[in-house]
Each structure stands twice: as structure tokens, then as C-alpha cells.
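K.L.:
This is what each chain is made of:
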Amino acid sequence: MPPTGIRLRIKRKAVPYTVLLFSTLLLAACSGSWNDPNPPEKPGEIVYYGSFSTRLQHLDPVRSYSSEEALFIDQIYEAPYRYHFLKRPYVLEPALAETMPKLSYFDAGMNPVASDSPELAYSVYTIHLKKGVLYQPHPALAENEQGQPLYLFKDKQSSQQYTTLYDFPETGTRELTANDFAYGLKRLADPKNKSPLLGFFSNYIVGMEAFSKQATELSGEVSGKGRRQEWLDLRDIPLEGVRALDDHTLTIRIKGLYPQFSYWMAMHFFAPMPWEADRFYHSPGFQSRNMTVDWYPIGTAAFMMTRNDPNSGITLERNPNYRLDPYPSEGTPHDEKRGFLDDAGKPMPFIDRVTFRLEKESLPQWSKFMQGWYDRSGDDSHNISASNFDRAFVVSGNGVDLSQEMIDLGITVSTELKPSIYYYGFNMNDPVVGGYTEQKRKLRRAISMIMNTEEMLEIFANGRGQAAQGPIPPGIPGHVEGEEGINSYIYDWIDNKPRRKTVEEAKRLLTEAGYPNGRDRNNGKPLVLYLDTTGDSAGPIADWRRRQFEKIGIQLEYRSTDYVRFKQKMRNSNTQMFGWGWLADYPDPENFLFLLEGSQTSANCQCDGANSTNYDNPAFNRLFHQMKTMENSSERDAIVAEMVEIVRSDAPWFGGYHTKEYYLNNSWMTNTKRHGIAKDAFKYVRIDTDLRRERQQEQNTPVAWPLIATFVGMIMVVFPAARAYRRRLTLRIKPQIKPQIKKQTQKQTGENS
Amino acid sequence: MFAYIIRRLLYAIPILIGVNLITFFLFFVVNSPGDVARAHLGEKYVTQDAIDNWVQEKGYHYPLMFNGEAEGLAKATDTIFFQKSLKLFTFDFGQADDGRNISSDVLTRMGPSLALAVPSFIIGIWVNICVALVVVMFRGTRLDKAAIALLVSLMSISGLFYIIGGQYIVATLWRLVPISGFEPGPMAWKFLILPIIIGVVSGIGLGARWYRTLFLESADQDFARTARAKGVSELGVLFRHVLPNALLPILTGIVVVIPSLFMGSLLMEAFFGIPGLGSYMLDAIRAQDFAIVRTMVFVGSVLYIIGLILTDISYTIADPRVRLN
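Residue numbers (the working numbering), protein chains in the order written: chain A, 1 to 753; chain B, 754 to 1078.
If we strip away everything but chain A, and leave its shape as in the complex, we get (with noise of 0.2 Å):
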């Protein structure tokens, strides 16, 4: 007999798992796409899908130094100044402040003197601040019906039914003061805080260091025995630089001219602190619920912060309180084509929410984006994989363009060609590259003719990126386009476009440099030169940066090391070729030159020098401390343009380039000009959320025909091996009884009967 009574079994416990399974699909099929991997919309609410890759760090507006963190930072923080999102070059505006500051000088009696006199000791900017700012709703802020702090805790048990921010039920705001500008600036002076500026900003801020020390001092901290946990006011320690002379005035003095000290203040490390926050953050047991100013941001700007897992995603809002705050009226004419002037005069922000997951891998990303779940391709990077930018462009003689399947999607393109530079460079005080005599100079430009940057932005980058020229970027005062911007040791200039200088040129010099043939002209031994690196020494760019030095009969070793030896070997100067970059953090040629002057060589300052060269030409660091005090104008192009020309005649760097980046962005986006610097672009974005939908339902109508076709496989597999096994199950073995057996059966039984 067949197991009947188990076969009955699983078909009886089949059935109602069948129909659940098949329920939920058709609940499923019925809420729409079945691939959304973003939560449902309140009505009517707008609501940005964006993504980021790295998990955060910090949000402290005094200790978060990375771009990615900016991301999130500067959409809820507020610095006295911003950048004007359109207008390019870059130009500075008012944000919390009401006017540009007013800057007046002084000698060291405190006695006004002229910008350009030799006794000037003091530049002190004066800041006159927005009237009737607000927080953002807040817990620190709630107040009683006394005026009182509704959330102060004596000790931790009386908090710990608060585990994060939002479970506090009140939320208080109050209006923006100066004296909340001088406690951020206090915060980033308190070494506790750990800013990474604390150091830069000692040499300029009148009275950090010595604020510092007070502070560590009334901390009565322990070193190494755990961090302070009680609130220090820092409102009692005086910072002698920073001073609010009324609730809508601040006055910062810094040490000599440093006309740069503008752009600072529009980075968040100027942001504003109410000093209620910091005080509720150190509220006991607080820490240990990871609930402190660094996970939970306070701020004035348009958005706010209601969801913070840095672990899978960040939410923000839009903060009820922010200020009127029209869109620009003003552009480039270009903007104008483009319909970035639409929104002219509208406040913003346009969006009420903006949700970011944590995407770790491109790919999904990538994905996420082309099926609509994704607004832009990415936000704190471009995200466009070499691969997916073959199917995202076309690269033709007149540029990148969008290719066709991009432009039925309706996605449209920006570009970013950020104030930034990579490049390769050579020891300095190495005894084969390094040196100042005309040989050392001739042998450094001609690696730097036969390293062709061009092709290798196009090989390996797509063409993103554009070779450099000299140290300064497309964008900041001081590049020069055209014929006079070229490098006329590595470039010609031929049919209106620079053309690097031959190999048979760059063969010349390398002779004149003491090296025939790539041999010693005195020992006759090969030229080997050495490239640190931490990527690794076999691979496709390996091998064309080794093919690029074979050409002069030059060879090529890497030494390959992980990054924290690498890192190593730089401070030591243990280097004779290396790969690097730098990101401007603001738009001024001082903030790429002072990577060539010579007191910032690590030996030179006995710390991370920015130089990693150690590149030290005396003419060069004279004209670099004359113009670093300057203002824009043509006397300083002049003096910029030298040090250009005295860089590119010793040739420290080679092979350099500039990134330009591609931003995608689906069809419902609006006002996505990217900014090269400032990251506060959410508030101008705008979204047709009506076309999103329409866009999202056509592109990801789910393909069902997989899972019937999954379920009919397993019949066809189950139905035949159930066969077979009811088969096996009812085999029988068939007699096969010998004839004399059966004889002798037979008689037997003839004898029996």
C-alpha cells in the first residue's frame, strides 16, 4: 500500500500555506509595485529619495570635516555666510548675517590703521545678524509655564525612559543671538570637542589657544580615564577674539590679514550653538544613549533632523520655523536657459522631507535610480560606475552626451568640475627627482611630457576629468584659459587646443638631464624610479603608467603598502613618486598655492604638512606670503600668475588633472545646478511628484511570468519524482520459480493431495 496517510498529510498543510502565499502576492500586485523599497507617503506630503554611502561619523558642526557629513550638516546648520547657488565664479552671501561683514584693522594698541599698513596687527570683522531667526523645534528649548527648562535631569534614572531625541513629547525654540555664534566657536575651542580646525583656527583667532587651555583646565578632566561627562559652561570663559556686542551683533578678531577668513565663515564650523543644547546633551546617562549634539544636530537652516540611524538611513524634514527665504532671481544666462530661474522670488524649501538610505554597493544604487526609487543618481557621489557610464553616455568628438535610453527616460544631466586636483609628485628632497638645478628641473618635465593625462582620463575615467595645466582649477581666480593658460614646458599650443610636446622632445631633455636612453650618463646603469603607491603594481593602470615611462626608457617600480604606511612614508618624506590630491575648501588660488610653500613641508613644520612635495623655491614662498593677504584683484592675478610659471618651470607635480563630475537626475527633478563647494542644495531643489509616480508605475511594473513559471517547474519536477517514488513504493518482485523447482513443487503437492 502508498503512504497514503502522509501524502494526505502534506497536501492538508499545503493548502492554507499555498493560499497565504498566494494572498500576499496579490495584496502585493494590488499596493502597487512590488520593488518600492521606500515607505508610504503621507498625502500630499513632497518628499526627496536620496542615498549615501559612507556610514557617518560626525554631525557636530565643530567636528565633522567630510564632504559626505556636509551632506546632512549643512542642511540644518547655518553659517553667517553661504554661497550664492547659481552665480559663477563663486560668490560669497549673507546667510544668517544680514549684510557682508564690515572688516576694520588695527595695530597691536588696538588703534585703527589702514588694510595695507606695516603695523597692522588685528583684522576685525563685524557681523550683523538676521533679526527673528529661529531654532528648530527642539527638546533643549521646551520651557515650562515659568520659563523653565522642561528636560533636566539630575541623574540617569530620571532620563531613562528617553532613548532617543524624538521620545521627548515638547519641543521649545527661541530666536538666534550672537551669543550663540560664540558658543559654537567656543565649542570648536574646546579641545573635548575634538575639531579638527582647533589648531588652524589658534593662529588666527585672538585668544583660542589660551581659551583651550581654560577650558581643559576647568574641565579637571582625566586623561585617558574616560571622557568629561558634566557640562562645562563655556559662556564663563571668555574667548578674547569673539566677543557679542548686542544680540545681533558679532565681532571676530583675527591675528594680521587673512582675507580668506570669509570663506570660513561660510563652512559649518562657524555654525551657531544654543548654549541650552549643549548644556541638555550633557545631561547624565545621555551618552551612553548615543543621544549627543554629535547624532542629534540642532540648527536654523531649512531643514531638521527626525530620523538619524547612521547605520541605515537619515531623515529630514522641513523645519517649521525657517525663515522666509526667497529663491535666487539672479544667474549665469545660461541658468536661464536651463529654467533655473523658474522658482525666482519662491520660498523655500520646495521638498517637506528628504529621506536618505545607506547604500553601501553601487550597484543597487544604480539600480534603484534608473527604476525611478532614487531622485538623482547619487548625492554624496556621482555614483556612475564606468560600466553603467557606457550605457548612461556617449562619447563623441564633441563631448559626453546623454545617451538615447537616458534621454526617453527624460533624465537630464548636471556637471560639477570641482575645485579640486590630483596628481602625482616627485620627492623634493629626493637625490634622483628632488633638486633645483636645471638638469633636476629638465628631468622632472620630461616624465611630465611623456605622462599623458589625457589619455588616461579617457581610458580610465571616461574622459571625466581635464588635464591641469598649473596647480590652479578651473573656476578659481588665477586659471587662465586658453593659449596663455597652457603649460608651455608640456604643451603647444596647435589648431586652438593644447598638445603635449613630443616624445622625441621629452627624450632631448632627459639627455640634457644627464640620462641618454634612460641610461646614467656616468655609470650607464638603467634609470629605475619608484612610485609609492597603495594600489597594486600588476592591473591595467599599472601597466599603462609603466608603458608611459618605458617610452623615454625610463623604468617604472611601485612600491605598493596599505594606506596608513603610506601615509607614513609621506610624513617621513620616504617617498620619490607619489599619487595625491586636494579638494579646495574654498574658492581662492591661496587655498591650492600654499601646497607649494615651503613652510608647510612636514619637516618644516613638524606636522601633516599639506606640502608633500617639500617643495621649498624661496622666490615662490615670497610671492605666495605677498598674496596671500591680498584681495582679488589684477595686481594678485599678476603675482599668482608668477608663481604659476615658477611652479610649472620646476615641476614638482606631474601628470595632474581635474575631476569633473556627472550627476544624473530623473525627469522630475528641478533647479539641480550642482555647486562645487556648498552642499546646502536641498532647500532649492524641486520635485513633480505627480510625473514621479507616473514615471515609477510605467518603469517597474513587476514580470510575474518568472514566478508561474517557478511554480509550474517545480510540478513538472515534484509530479514525476512522486511518480517515481509511488512506483518504487509499489514494486513488486516477480516470481521466477525454476522448472525442477516447479516439478517438485507440483509433486509435492500430488503427494500431499
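If you are wondering where the hints come from, they were derived from the structure by calculation, not from laboratory data.
Think of the CB as a built atom: it goes at the ideal place given N, C-alpha and C, for glycine as much as any other residue.
Wrong hints could be hidden among the right ones.
[Stated by the list, open to error] With a straight-line cut-off of 30 Å between C-alpha atoms, the simulated BS3-like cross-links for lysine-lysine are:
#1 A:192 x B:828
#2 B:797 x A:567
#3 A:418 x A:346
#4 A:213 x B:797
#5 A:525 x A:569
[What the hints assert, rightly or not] Okay, the calculated beta carbon distance ranges per label pair:
#6 B:867 x A:126: 57 to 63 Å
#7 B:914 x A:339: 41 to 47 Å
#8 A:714 x B:959: 20 to 26 Å
#9 A:711 x B:1075: 39 to 45 Å
#10 A:703 x B:910: 20 to 26 Å
#11 B:914 x A:455: 29 to 35 Å
[As the list claims (entries may be wrong)] To be clear about the criterion: a stretch of chain B counts as covered by chain A if any three or more of its residues have a C-beta under 8 Å from a C-beta of chain A, and this derived list gives those stretches:
#12 929-936
#13 1032-1045
The hints should help you fit chain B onto chain A, whose structure is shown.
P.N.:
For chain B alone, kept in the frame of chain A given last:
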């Protein structure tokens, strides 16, 4: 048995110290405290004062293993090893180098890890056993040979291929589920179904082949033949007689990994954007966060030891002849 468990737990202490020592040694051979400080303070404008301040505040200014300048017991206790690694034995994980509370993060991330690992584990075992038993039922036939060929092919394919291929086909081409992401609560199934299926399918090759070998050894033994002679169906023989008798080696492989399910899966969590402990560990290694790395290694070691003890206990349940002495 109680004495046995206590003894095993005591044996675990030197093992855990050894594991901590190796982790500590490996980490600080590669990184100096200054390097860790630089990784956290960033690349630009970092001064030596800022590095010293960071090192001091995080307690990395102590000597690594022995403090010659200290007095008495402090020679051993005022060291990075004691302060950072041995304190783990009190389950005081402290703060990550970015200031977040590690215990809180571990607890938060355990949920998504378990949501992925537990169904993958249970369904995986069930499917592997079923496939193995079915193959054993048809042993010696063409179906058996075809199944072995298929299982060998499945186990030869890289896990990454299953993930990328699965994401591309199921989520991108067919648009049946979201390609990645995670939402806590009832919507989680939508994000988990694909990684679970991929986890199960990618494990069939190895698991089913291993179980098949174990079942084959028992399938023709006397007790199985007796059962068949008594008229028990083949399915009944396999599930009621062969499976329990082949359970000991299966338990060896299974029970030991049960506690480790808490640790999550590095690859799956990274590719499917699931905020579990696997990706926590990966992020910490990338960020050179020694506080998290040492915690995760410690927790992993503790869970593994618990797994081994549970395996021993499970033997006594599966086979009454086994006694833990």
C-alpha cells in the same frame, strides 16, 4: 553535566584572552595610536596637538602591554591592553572611536542580522536535508547522478555571483522585490525574501552533498532494512529512521553556528543594505575603529564557545548514550 559546563566555561577564559591578545597584536602591529587618531581627525590641517589630544583622551597614550613607569599593579593595568581589551570580560564595551556607545549599537543591529540569518539558517537546513534525503531515496539512479552534478555545480559558484545575479535577475529585470534596503517591522519581509532565497540556494550545493553522504551511510544499515521489511514506506524510513541516526554529525555542523547567527553576514548585509552586525564589523575595519573590532571579535569568540558547548549538550539529547563527564 552542570560541572562539565562550568569546566568548559572556565576553559574559555584563557581562549578568550588569547583571542584578544592576537587581535590586539595584529591591530597595533599595523596601526599606531597616532595612525588611528589621524584616521579619525581627517587629512587636512591636523596638528600634532590635535593628534596628541585625541590619543590622550581615548587612552591610547598608555604603553601597549607593560607600563614600566607605573607602580605595582598599575604596571599591568595602566596599559592599552588592559584598558581596552581585558575590560571586555566585564561586557563593558565602551565607546567606539566616533563616540557612539557600542553596546547600544550592537543591540540595535542584532535585530536585522537575526531577521536575515535565522530564516536563512532554518529554511536552509530544512531544504538541504530534504534535498539530500530525496537524492538518497533515488541513490544509484540517473536522478542521483544528475543531482550530484547539479549540487557540485552549485557549490562551485562564488557566493558573490549568486548575490549579484540574484539582484540583477529578480530585482532589476523582473522587478519582483526591492534590490536592497531594510525597513523594520512588518515590511521587512519585502527586503528579506531575496537575500534569504539567495542564502538558501547558494548553500544547497555544499549542504545537500554533505548530508547526502551522511544519510547514505545510514540508509542501508540493518535498522533501515528492518524498517523496510516491516513495511515502512521509504519516506518514513528516511525521515523517521535514517535522519535521527545521522543526526550527530549534522548537529556538529549546525548547533555550533547557531549563536554565531547574531554576528550576521558580511557579504549579504553589505550588498542588500541590511544594517546588521556583519556590516558593522566591516565598517569598523574600514574606519580603523579598534574599539568596535575588538568588541566584535570578543563577542564572536564568546558566541563560538557557547556554540561548542551547546553542540556537546545537543549530543546528549540526540543520542542518550552520550554522557558529558
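K.L.:
Tell me the hint numbers this structure goes against, listed in increasing order.
P.N.:
Hints that this structure does not satisfy do not exist here, as all of them hold.
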